[in-house]
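Student: Take a look at the letters that make up each chain.
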Amino acid sequence: MEPLIQVRNLHYSYPDGTPALRGVDFELWPAETVAVLGANGSGKTTFLLHLLGLVGGKSEGDVVVRGLALRKENFTKIRRMIGMLFQDSDDQLFMPTVEEDVAFGPLNMGLAQDEVERRVRQSLRQVGMEHVASRPPYHLSAGEKRRVALAGVLAMSPEMILLDEPSTFLDPPARSSLVEILRSLPQAQCLVTHDLTLARQLASRAVYFEKGEITLQGGVEDVIARAGWETLDARRSDAPR
Amino acid sequence: MAASFAAAAGANVHPLAFERWSAGETRLHQLDPRVKLLAALGLLLVIAWTDRSSAAAFGGYFLLLTSFLWAARIPLPGSLLRTLMVLPFVAGVVILNLWGGDPARAILTMARSMFSAYTAIALLSSTPFPALMRGLERLRVPPFLVMVLHFVYRYLFLLTNQAQDMLRARRCRAPEPRRRTRFWSASAGAVAILFARGYDRAERIHHAMLARGFESHFPVMHARQTPSADWWWLAAVLVLTAGIHLAARSWPL
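Chains as they are written, first to last, in my numbering: chain A, 23 to 263; chain B, 614 to 866.
Derived from the structure by calculation, the hints contain no laboratory data. Computed from a predicted model, the values in this text were never measured in an experiment. Hints are supplied without guarantee of correctness; some may be wrong.
What the hints assert, rightly or not - With a straight-line cut-off of 20 Å between C-alpha atoms, the simulated SDA-like cross-links for lysine to any residue are:
1) A:Lys80 x A:Asn96
2) A:Lys94 x B:His642
3) A:Lys99 x B:Phe831
4) A:Lys99 x B:Val761
5) A:Lys94 x B:His819
6) A:Lys233 x A:Tyr36
As the list claims (entries may be wrong) - Only part of the chain B face toward chain A is listed, based on derived beta-carbon distances under 10 Å:
7) Pro741
8) Met746
9) Phe808
10) Gly811
11) Arg814
12) Arg817
13) His819
14) Leu823
15) Gly826
16) His830
Ideal placement from N, C-alpha and C gives every residue a C-beta, glycine not left out.
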């Protein structure tokens, strides 16, 4: 069996020259959920964006997605295979109505109108949001926005999903509802989070980012314990000393 | 806590009168947005052509627009009140005309401005903004322009909410600034931060668009057929407007 995403010795610097990723090795296997843990500014989100070719700047190393090297000519194919749920749903919901937003991806894929409408209905039903199809996204609650943003990702039928802090801004019921939906998805998931409960609920293994490097990996409990992530002596770069 | 703050911020947006009014379900709300846009454009042109010799036409325009708002069940006092928002923009011209000894021109300028605003209000309060954008697209307005309009509308609320949050935070720490200069320097800093945040958000939105396959073209989902009755409605409005104008010109005040 081949990994869906294979990253080897990835180095990346921001356009201003600041190093963000230093020699990252990572694999995502079919049907697994990996929690990506680490302090703020440790490079987790940059890593996710890098997997979609969304960051400018200098990078070295190999990123291969389902056999395709991460190069400009493969961006379109790779972005169809990987869906990404962004941290702030307002960044992701930019179309005038919910159904148009969910249809944005499928229409960009060049699908026929009937198929687009079918996918919009299906993915909204999957996240329990069919009733808001005609509403503007800015009138929805944070939890509703998150579910609609997820519907927009699912409508593209991706093989894997990257989730950047999916539980941010959610109240407990909205969070539970999101966990249920994410658990029901067959896709492999890469979950960047500070929410350890969420990591425990969803992930089968975890990696720990520190200053742009993966310094720990293994079972979720094991990584949390070794990183001291639930205690004051955590390996966080911004933890009080 | 964060969610309740977000909900409170959302509540600031919700009462926007145009959003509420445009969510109506009257026949006028259901008209194809293109015919309403074209009718508004026609009316605006005729208002711009209305001069002293046809000033009586303003009475006709008032009846026409008011009957439209009435049929769309849009509150008249609120609509009329909102026409006053153009006053600060025309005040300078009006004062200059009065200063130059031409009160008739001053009144004409003000009437044109206020009736133009009244027309825009009638359009915005009977057409949801997304439908208006689709109408502009289908009228072949450059997609880039429509996209900019759409994004301004979509994210203006968020920026406004952020500005309000920053204002509250400043009031918490400096209820009454001792010196006026300090107030202005803090405000200038807040504007700069707001700009930087807006720029960051624009970048994140662009990432989100690229992640879902955006390639410089906004796809359109629906292309609904316009009922012929809508075009007849447009023709009737244009004929009526032109008729009012010509009648007023034939029988000046």
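Student: Once the shortest beta carbon distance from Arg814 (chain B) to chain A is found, is it less than 10 Å?
Tutor: holds, 6 Å
Student: CA of Lys99 (chain A) to CA of Phe831 (chain B), is that 20 Å or under?
Tutor: holds, 19 Å
Student: Is the shortest C-beta separation between Met746 (chain B) and chain A less than 10 Å?
Tutor: holds, 6 Å
Student: Taking the least C-beta to C-beta distance, is Leu823 (chain B) closer than 10 Å to chain A?
Tutor: holds, 6 Å
Student: Regarding the pair Lys99 (chain A) and Val761 (chain B), is the alpha-carbon distance no greater than 20 Å?
Tutor: Violated: Lys99 (chain A) and Val761 (chain B) sit about 28 Å apart, past 20 Å.
Student: Would you settle whether the hint for Arg817 (chain B) is holds or violated, based on the nearest Cβ-Cβ distance to chain A being less than 10 Å?
Tutor: holds, 4 Å
Student: Answer holds if the nearest beta-carbon of chain A is closer than 10 Å to that of Pro741 (chain B); otherwise answer violated.
Tutor: At about 8 Å, which falls below the 10 Å cut-off, the nearest Cβ of chain A leaves the hint on Pro741 (chain B) intact, so it holds.
Student: Given Phe808 (chain B) was flagged as interface, is its beta-carbon under 10 Å from a beta-carbon of chain A?
Tutor: Where the cut-off is 10 Å and the nearest Cβ of chain A is about 17 Å from Phe808 (chain B), the hint is violated.
Student: So, as I understand it, the hint says His830 (chain B) touches chain A; can you test that by seeing if any CB pair is closer than 10 Å?
Tutor: Result: holds, 8 Å to nearest chain A Cβ.
Student: Using 10 Å as the Cβ threshold, decide whether Gly826 (chain B) counts as touching chain A.
Tutor: holds, 3 Å
Student: What's the verdict on Lys80 (chain A) and Asn96 (chain A), does the C-alpha distance respect the 20 Å limit or exceed it?
Tutor: Roughly 18 Å separates the two Cα atoms, so the pair holds.
Student: Lys233 (chain A) and Tyr36 (chain A) were given as a pair; does the straight-line alpha-carbon distance stay at or below 20 Å?
Tutor: holds, 14 Å
When each numbered hint is compared with the structure, violations occur for hints 2, 4, 9 and 10.
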